[in-house]
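Q: Below are the chains, spelled out letter by letter.
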Amino acid sequence: MSTPFYVSPEQLMKDRADFARKGIARGRSVVVIQYADGVLFVSENPSQALHKVSEIYDRIAFAAVGRYNEFENLRIAGVRLADMRGYAYDRRDVSGRALANAYAQTLGTIFSSGGEKPYEVELFVAEIGDEAAEDQVYRLTYDGQVADEHGYAVMGGAADVVAGYLKERYAEGAELGDALRLAVAALGHTPDEKGVARDRVIATRDLEVAVLDRTRQRPRKFVRLSPARLEQLLGDRASSVPEPAAGETTTPDLLGGAGEVEGEPPVAP
Amino acid sequence: MIPGPRLPASYLQPGVSSFSDFLADQAPDLLPGRRALPQGQAGDLAPHGTTIVGATFPGGVLLAGDRRATMGNIIAQRDIEKVFATDEYSAAGIAGTAGLAIEMIRLFQTELEHYEKIEGTTLSLDGKANRLSALIRSNLGMAMQGLAVVPLFAGFDLGDARGRIFSYDVTGGRYEETGYTAVGSGSMFARGSLKKLYRPDLTEAEVVTLAVQALYDAADDDSATGGPDVARRIFPIVHVITAEGGRRLSGDEVAAVADRVIAGRMSHPDGPTAPLTGGGHA
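From first to last, the protein sequence lines are chains P and V.
According to my numbering, the first sequence holds residues 1 to 269 in order.
According to my numbering, the second sequence holds residues 1 to 282 in order.
It is possible that part of the hints are untrue.
Unchecked claim - Per the computed footprint, the stretches of chain P lying under chain V, defined by three or more beta-carbons under 8 Å from a beta-carbon of chain V, are:
no.	region
1	47–60
2	68–75
3	102–110
As the list claims (entries may be wrong) - Covered stretches of chain V (chain P as the covering partner; in silico rule of three or more C-beta atoms under 8 Å from a C-beta of chain P):
no.	region
4	46–52
5	204–214
Don't read these hints as lab results, they were simulated from the structure.
Quantities reported herein were computed from a predicted structural model and do not represent experimental measurements.
Glycine included, C-beta positions come from ideal geometry on N, C-alpha and C.
Please put together the full structure from these sequences, using the hints given.
A: This is the structure we're talking about:
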């Protein structure tokens, strides 16, 4: 009879966290940016059918990275929770905070229970108010931690590099077009196989973009931006990819500006 | 019921994209039509909504309703709203027991929005009409005790690019109407009026006038239908749906039309007349 190995609780949790983090790091990033009229979500997602960004309720939206089946279940649960509350009480009684709390409890319980594998997902829950100051963005990690984000936030694959790019350029109260151009440029600023950060132009058809727009007349403020609208907002990008400013920490381009990374295999969204 | 902090396992299960099915599973007490009623007629206990008219025009469809709810001989409410947008491209007007009908429409609105969010696409107009059928059918027991709900459903069919109207009976039977129709206590008079005034080539503005005329005629002969309340400035609710989506006309827009109709009736109390012979337009 073999003696079971002793694993300390610290090690157990660390292993589970490493497992979840590895799964999340495989996917591409999602950027969320607060702009003048609401909250903008941008992700690189070649699939037209499998969304990373979705509507939950009137003023609440959801974005996720990681395993599709897991965050899709969480999204559906969120829609059910919101619709149930809105139907039983009133539309105004559905809040992003309550939803973020439900997600945190769910992810936290699954993470620390021995029986289930931890979810390999990270989520954003955003809610807009009547004023920009009332907008809220919550970031939820695989272990159920909640963080309140301000201005911009990134999760997924090269989150650190993309967030670093945004940190240097983000300005509060930007117009939609400016915020979108910044977010797309930031998503294109990813390390190549050598770990060197490079700027590439992401094709419009590979972008999934949605906004919570408080200027909309209807109660449901969530809108997906169509490729045509994206073309119009982004304009001519080939010439407008921001050059790395002098003195920036990124390593110089060793390949002599060979251009964008083409023909990358599509990743599960 | 309403869950606590952690999401219940049933919420995380994929599969069901119908909100009423989910409700039946999770909180059946919130569903209309699941309540056991004692024997007897209950029809006089609750307010009833009265007349709704609907008409199509090239490029869209209109739904309009008067503002009266009655309880026997009493006017229960003089400014009730009986026409609701059910989603961007559809609307429903309610006749029958007001409380149950409003609850049913709330559930129907949530049902459509829920499907749209879960599936990422909207139901077809026929799909929506059939879902409403199912909700009406579940109310049959109450209908037999005098608490019937009979809505009129209208929407813009994006596939066919035209407006369509559906009427229902208490068993959930759904019938597509051509051109125009009316439901509720004043519907006979409204339909007579529509029959004489309706033409398939009316413009959006003309159809609004048509609906206000028809509701005026219904109120003229049916005591349960409210006419335009000039003193309180209470006028019908008018909802128009086109390819650009649905729009409820503002109070001022309807008031302007109603004022013109009333002005016309000052000299001709029976309203516009149709020619005696021939199919030609007046």
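Q: Under the constraints set out in the numbered hints, which ones does this structure not fulfil?
A: 4 and 5
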